[in-house]
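Could you put together the complete structure from these sequences and hints?
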Amino acid sequence: MLTESLLALASIGGAAIAEAMATDAWTAVKSGVLRVMRRDTATITSELEYRLDSSASTLDGLSGAELESARAILAIAWRARLEDFLARYPDSANDLQAALAIAGTQISGPVQQHVVGYDNSRQAVQGHGVQNVNFS
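In short: position in the sequence shown from 1, add 380, done, that's the numbering used here.
It should be emphasised that the hints constitute simulated quantities derived from the structure, not laboratory data. All values reported here derive from a predicted model rather than from experimental measurement. Any given hint might turn out to be false.
[What the hints assert, rightly or not] Here are the simulated SDA-like cross-link-like pairs (lysine to any residue), alpha carbons at most 25 Å apart as the crow flies:
id	residue 1	residue 2
1	Lys410	Glu399
2	Lys410	Ile456
3	Lys410	Asn474
4	Lys410	Leu454
5	Lys410	Leu386
6	Lys410	Ser435
7	Lys410	Ile482
8	Lys410	Ser472
9	Lys410	Leu387
10	Lys410	Asp433
11	Lys410	Ala455
12	Lys410	Ser449
13	Lys410	Ala460
14	Lys410	Ala478
15	Lys410	Pro470
16	Lys410	Glu429
17	Lys410	Glu427
18	Lys410	Thr438
19	Lys410	Asp420
20	Lys410	Ser434
21	Lys410	Thr421
22	Lys410	Ile424
23	Lys410	Gln477
24	Lys410	Asp471
25	Lys410	Ala445
26	Lys410	Ser426
27	Lys410	Ala473
28	Lys410	Ser437
29	Lys410	Tyr469
30	Lys410	Ala388
Written as structure tokens, this is what we have:
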């Protein structure tokens, strides 16, 4: 039986894998997952790579609600795979967490900002990084 922390890691990992698919971060995420899960001799690396690529290809051409729905389904599937893996190799948790942390820095979702000002209003739009705005 998995501990709460391993269950949480599997859940976060499944979501991170699904989120990275169809983004520029996919190659890094895929290689990190392959590197960590390669330890499982029951899973052939080529089979795991096929599953990752096959999952990612299901997102091709999707957008909006369809994309989010498909990602949610994939997140659940990859969560289950990670739970199975962590049940057999709980000492791989740190390696998996590190692989997902590196990948997480590369996942950049779309940012939408809508700013409307009237009359004498002042606007500050947050960009990337730290921004200090003073109105005087």
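Here is what the structure says about each hint:
1. Lys410 x Glu399: 12 Å, holds
2. Lys410 x Ile456: Status holds; Cα separation ~17 Å.
3. Lys410 x Asn474: Satisfied, since the Cα-Cα distance of roughly 17 Å is no more than 25 Å.
4. Lys410 x Leu454: OK: lysine 410 and leucine 454 at ~14 Å, within 25 Å.
5. Lys410 x Leu386: 20 Å, holds
6. Lys410 x Ser435: Holds: lysine 410 and serine 435 sit about 11 Å apart, inside 25 Å.
7. Lys410 x Ile482: 11 Å, holds
8. Lys410 x Ser472: Holds: lysine 410 and serine 472 sit about 16 Å apart, inside 25 Å.
9. Lys410 x Leu387: 20 Å, holds
10. Lys410 x Asp433: 9 Å, holds
11. Lys410 x Ala455: Given pair lysine 410, alanine 455 holds - Cα atoms ~14 Å apart, limit 25 Å.
12. Lys410 x Ser449: Holds - the C-alpha atoms of serine 449 and lysine 410 are around 21 Å apart, at most 25 Å.
13. Lys410 x Ala460: Since the Cα atoms of lysine 410 and alanine 460 sit roughly 17 Å apart, the hinted pair holds (cutoff 25 Å).
14. Lys410 x Ala478: 13 Å, holds
15. Lys410 x Pro470: Roughly 20 Å between the alpha carbons, so the hint for lysine 410 and proline 470 holds.
16. Lys410 x Glu429: 8 Å, holds
17. Lys410 x Glu427: 13 Å, holds
18. Lys410 x Thr438: 15 Å, holds
19. Lys410 x Asp420: Holds, at about 16 Å.
20. Lys410 x Ser434: Holds, at about 12 Å.
21. Lys410 x Thr421: It holds: about 18 Å lies between the C-alpha atoms, which stays within 25 Å.
22. Lys410 x Ile424: Given pair lysine 410, isoleucine 424 holds - Cα atoms ~15 Å apart, limit 25 Å.
23. Lys410 x Gln477: 14 Å, holds
24. Lys410 x Asp471: 20 Å, holds
25. Lys410 x Ala445: At roughly 24 Å apart (the allowed maximum being 25 Å), alanine 445 and lysine 410 satisfy the hint.
26. Lys410 x Ser426: OK: lysine 410 and serine 426 at ~12 Å, within 25 Å.
27. Lys410 x Ala473: Holds: lysine 410 and alanine 473 sit about 17 Å apart, inside 25 Å.
28. Lys410 x Ser437: 13 Å, holds
29. Lys410 x Tyr469: With a Cα-Cα distance of about 19 Å, the restraint between lysine 410 and tyrosine 469 holds, given a limit of 25 Å.
30. Lys410 x Ala388: 20 Å, holds
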